[in-house]
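The task is simple: from the sequences and hints, build the whole structure.
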Amino acid sequence: MPKKSLCGEYGRCLVEMGEKYPELVALEADLKESTQSIQFQQAFPQRHIEVGVAEQNMVGIAAGLALGGKLPVTHSFACFTSMRACEHIRTTVAYPRLNVKFVATHAGISAGSAGTTHHAIEDIAIMRSIPNMTVLAPGDAREIRQSIEAALNHQGPVYIRLATGDVEDVYGDSENFSIGRATELRKGSDVTIITTGTMMHAGVMAADKLKKDYGIEARVLQMASIKPIDRQAIIKAALDTGYIITIEEHNVLGGLGGAVSEIVAETGKAKVRRIGIKDRFSGTGSAAWIRQEEGLTIDEIINQTRAFLGKDEK
Amino acid sequence: MRKISDNRTDELKQITDKARKLMVEALICAGCGHPGGAFSCIDILVALYFEVMNIDPGNPFRSDRDRFILSKGHSSVALYTALHLAGFIDLKTLLSFRQDNSLLCGHPDASKVPGVEANTGSLGHGLSVGVGLALAGKMNNDSYRVFVLMGDGETQEGSIWEAAMSASHYKLDNLIGIIDRNKIQIDGPTEKIMALEPYKDKWEAFGWKVREINGHNLQEIIMVLKAAPFVKGKPSLAIANTVKGKGISFMENNHEWHGRPLKGEHAEIARRETKSVN
Ligand SMILES: Cc1ncc(C[n+]2csc(CCOP(=O)(O)OP(=O)(O)O)c2C)c(N)n1
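In order, the protein sequences belong to chains A and B. Just so you know, we're using our numbering here: the first sequence kicks off at 1 and counts up by one. Just so you know, we're using our numbering here: the second sequence kicks off at 1 and counts up by one.
Since the hints were made in silico from the structure, they are not lab data. The structure presented is a predicted model; accordingly, all values stated were derived computationally and were not measured. Every clue listed holds true.
Straight-line C-alpha distance at most 30 Å; calculated DSBU-like pairs for lysine-lysine: (1) A:K3 <-> B:K263; (2) B:K226 <-> B:K138; (3) A:K271 <-> A:K227; (4) A:K70 <-> B:K192; (5) A:K278 <-> A:K4; (6) A:K211 <-> A:K271; (7) B:K232 <-> B:K202; (8) A:K278 <-> B:K112; (9) B:K209 <-> B:K138; (10) B:K171 <-> B:K209; (11) B:K263 <-> A:K4; (12) A:K227 <-> A:K3.
Next up, the structure:
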């Protein structure tokens with residue numbers, strides 16, 4: 001299957017949204033080709049506000065635009081959005097529940113050898129701990145489109161976490177995203193694999209191999225809506241399968257694994273294993289190399305799943 | 001201030017030629033990285049590491065060393081190349097730039113590379129660190145000076161101006177800021193993206209003594225930076241007028257070469273244009 005550029009797909013989607021929502025204004029902080037807000041700028045030059053290298057100012061301006069009746073969408077890398085401008089997002093936007101959307105690209109370690117300054121392995125934890133905030137992490141073209149439209153229709157702040165890079169489609173025509181709901185990508189009763197963002201691809205591939213090679217039936221839930229999270233789907237997975245594995249391109253602390261564990265702990269009905277960045281800053285290398293180092297690969301998910309279920313005897 | 005000799009200027013010119021050639025190789029090996037801003041600041045780095053700063057590659061942590069902070073951390077390939085030529089890191093390490101398991105990250109990590117003083121790459125951080133180092137120097141009665149190189153686009157970050165205010169408040173005349181004023185950022189010309197002018201006036205209003213220099217004229221860079229502090233009791237700022245991508249024809253003044261991979265035909269042209277030295 002051909003791969004698609006996630007940011008490119010996002011940029012096209014934003015142009016369509018621009019037609020549909022005349023109040024939509026895009027803000028950019030000197031990364032318009034990377035974030036692909038350039039597509040919106042070309043289509044609607046009057047509604048694209050370039051602030052230069054000034055992410056905190058961008059968030060403040062977005063707050064003012066929202067107060068003035070506009071529908072602002074900010075653009076920068078996830079690291080600079082969630083961390084440089086963090087308090088501006090929390091106090092100026094989220095506290096009064098202003099209608100600002102934050103598109104945060106190059107999330108996780110997808111910026112590869114640019115290194116830790118350009119990675120965001122903390123952003124889910126930060127953003128989901130802010131009251132009033134909605135946190136979305138879509139992982140393929142269809143899910144991006146649906147989550148962007150859902151975010152624009154939602155009244156209040158939304159953080160949308162995107163990776164850079166090309167990915168294959170996972171969603172079929174029948175799979176649909178909505179805020180607060182998990183998307184079931186595979187049925188199964190032995191174990192549940194919960195993914196977010198682009199990790200859904202590896203999750204699905206691992207599940208297919210687990211079934212074919214080892215007879216293990218894994219349910220796969222894509223949790224693109226990290227906050228609000230689908231409590232019911234998680235509790236059901238705990239009761240039905242007893243084992244839950246979370247996979248995220250984020251620190252194992254405080255992200256998807258944290259969110260799922262919080263809910264599972266309340267039920268006491270399942271064991272959880274978290275796969276993610278092992279609470280450390282990565283070494284230098286390509287995104288693929290870092291994923292290998294952190295066990296964020298199909299093979300490692302399979303190994304971890306088998307070990308977790310006690311089915312890894314040779 | 002005495003002029004440096006013509007012989008020495010020629011030697012330094014050869015070092016900058018060699019540096020450009022090595023940067024081309026390192027960028028080609030990496031297959032990614034940020035060429036434009038590296039070529040605009042390499043002459044300044046060579047001047048600093050070979051003439052201006054008191055450093056000791058054999059003892060990179062000597063307490064009286066002058067400190068250099070590359071606040072525009074994306075120009076790391078220029079810093080690594082200067083560190084290599086000055087004797088801090090070997091050629092093999094330099095050519096491992098940005099590759100799997102390399103010590104040389106796209107944005108410099110001080111914990112991995114001798115001679116790197118601060119972890120930069122998120123723009124707008126370096127000047128504050130420089131203020132702290134300069135304050136510590138004053139408190140400890142140390143004689144070292146602190147040099148901080150910033151991008152002009154970088155100074156759109158508010159944190160730069162917070163640092164600028166504190167530097168003059170504390171009369172840090174052991175702090176020297178340098179701006180790589182190539183007038184280009186990622187999305188286009190600085191004056192079109194978010195105007196900086198009247199730039200010199202802004203820095204002066206923040207209490208800095210400012211000099212403008214040609215950032216590709218080694219004599220001028222060295223004379224002016226050696227003369228710092230420009231006045232006693234104030235931080236010094238050199239606005240270095242530069243050309244983004246300087247030395248590589250297709251990169252010069254072209255914002256598209258801010259962060260584009262150097263490969264294929266472009267790699268060959270860049271090699272040809274820098275091959276004069278060995
Ligand atoms: C806080 C932050 N925001 C955004 C970026 C992405 N970025 C890297 S370089 C750059 C432009 C910098 O322009 P300038 O300082 O003029 O650099 P130069 O032309 O000297 O390379 C931007 C926006 C970053 N590294 N850090």
